[in-house]
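Trainee: So the chains spell out like this:
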Amino acid sequence: MTRLRPAAGVGTLESDGTVYVAPLPDGPIVVLEGIAVLIWGEACGGDRDTIADRVAEATDAPPDEIRAHVDAFVADLVARGLLEVQ
Amino acid sequence: MNGSEVDVPLSVRLRFGHAAVQTLANTIGVDLLHIKGVAVDPSLRPGGYAGSDVDVLVRPSQVVALDRVLRRHGWRLYSTFEYGSPFEHAQTYLHDMWGYLDIHRFFPGIRVDPASAFERFWVDHHEVEIAGVGCSVPSVPAQAVLLVLNAARSRAGSRPDVQLAWREATAEVRAEIEALVADLDAPVAFAAATGGLDRYRGQRDYALWRIISQGGSRTSEWWARVRAAPSLGAALRVAARAPLVNVDHLSHRLGRPPSRAEILGEFFRRPARAAREAWQGLRRAGANR
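For the record, the sequence lines run as chains A and B. Quick note, the first sequence lines up with residues 1 to 86 if you use the UniProt record's numbering. Quick note, the second sequence lines up with residues 1 to 289 if you use the UniProt record's numbering.
Worth flagging that the hints you see were computed from the coordinates, not collected in a lab. The beta-carbon is built from N, C-alpha and C at its ideal position, and this holds for glycine as well. A few of these clues could be false.
Said to hold, decoys possible - Per the computed footprint, the stretches of chain B lying under chain A, defined by three or more beta-carbons under 8 Å from a beta-carbon of chain A, are: (1) 8-18; (2) 124-136; (3) 209-221.
To be verified - Pair ranges (Cβ atoms, derived): (4) B:V64 with A:G17: 34 to 44 Å; (5) A:D49 with B:R71: 37 to 47 Å; (6) B:V69 with A:I35: 49 to 59 Å; (7) B:S61 with A:H69: 30 to 40 Å; (8) B:V69 with A:S15: 25 to 35 Å; (9) A:D49 with B:S11: 31 to 41 Å; (10) B:R167 with A:S15: 26 to 36 Å; (11) B:P160 with A:E57: 45 to 55 Å.
Go ahead and model the full structure; you've got the sequences and the hints to work with.
Mentor: Okay, here's the thing in structure tokens:
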């Protein structure tokens, strides 16, 4: 099982349903809204391999239709240094 | 995903600003305390006013180190200690992402030396989480003292912090606050905000805090600053500074660095302004006789 968490040195803030994430001390601020907030939360809250399944369950979307998009989004967050493997 | 095209609320940017400054301070081992704005305990600011900038009080011996690291990380000097305020207590920086930052090397109204004052605040500091980063803040009674001292520099009638931090405080909390004011030797400025300033009529900084809290001409303010200075050397330095041109303010007014001629022009305008105020003061005195 692979678990993710906000990377060391990354600041996070939730305000009015929007999640703001920033590598510190220089930024920039990445703004996550809507489905991106859900994916961020699921990415920080369980097994990396089942993120798409949990997002699908929360949104009633067919898992196979969203899996590639969700996994690519999570991979982008990792590549930007915002998420890291625990 | 493109964060750069989305507006980020000021209150969010300021929180990240606190977190960014704390991260830099941790990196180089600088002690600082987050004061005012979002760092204030909710019991003292139930409305959660975020303010318009980030304010930190820095261990005085580490100001230079913090200045260096800030400049390496995109914080541009906006106004200097010398010109930022008549007290010369704070220096302002501007960051494209996080906004304005004021670093304080001491706090106006506190008469013990800046290093001892910082240590008094540091000894019982704690951490609060801002944007996921543990930020050092003074104890809650110390925050109350700072809010009240800060309010002393605003005009009467616009001091909501005094109401909540002092007037509505319990007897127990008031005793803690009074003990801290005594430790910091800050009774005059504290009284300027809370009342009873006339009890300190004989003290060297009485006139200064009366003018700051109740108003007065620029000339009388500078005289009060000279009288409030702790030594003859400091008084002479204040006196020598009084007619200097505030180059930072002039730059911001012009939108560019001022030329030598513009600085000279401003230099000669200021004594003229002071003379006008003195003349008006004499006329008023004559009218009252």
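Trainee: Evaluate each hint against the coordinates.
Mentor: To see whether the hints hold, each was checked on the structure:
1. 8-18: It holds, with 7 qualifying residues against the three required.
2. 124-136: As far as the segment 124-136 of chain B goes, the hint holds, because 3 residues have Cβ atoms under 8 Å from chain A.
3. 209-221: This one is violated; 0 residues, fewer than the three required, reach chain A with a Cβ under 8 Å.
4. B:V64 with A:G17: 34 to 44 Å: 42 Å, holds
5. A:D49 with B:R71: 37 to 47 Å: 45 Å, holds
6. B:V69 with A:I35: 49 to 59 Å: 38 Å, violated
7. B:S61 with A:H69: 30 to 40 Å: Given range 30 to 40 Å: violated, Cβ gap about 53 Å.
8. B:V69 with A:S15: 25 to 35 Å: Distance hint for V69 (chain B), S15 (chain A) holds at roughly 28 Å.
9. A:D49 with B:S11: 31 to 41 Å: 37 Å, holds
10. B:R167 with A:S15: 26 to 36 Å: The hint (26 to 36 Å, Cβ to Cβ) holds, given that R167 (chain B) and S15 (chain A) are roughly 32 Å apart.
11. B:P160 with A:E57: 45 to 55 Å: 48 Å, holds
Comparing the model with each numbered hint stated earlier shows that hints 3, 6, 7 do not hold.
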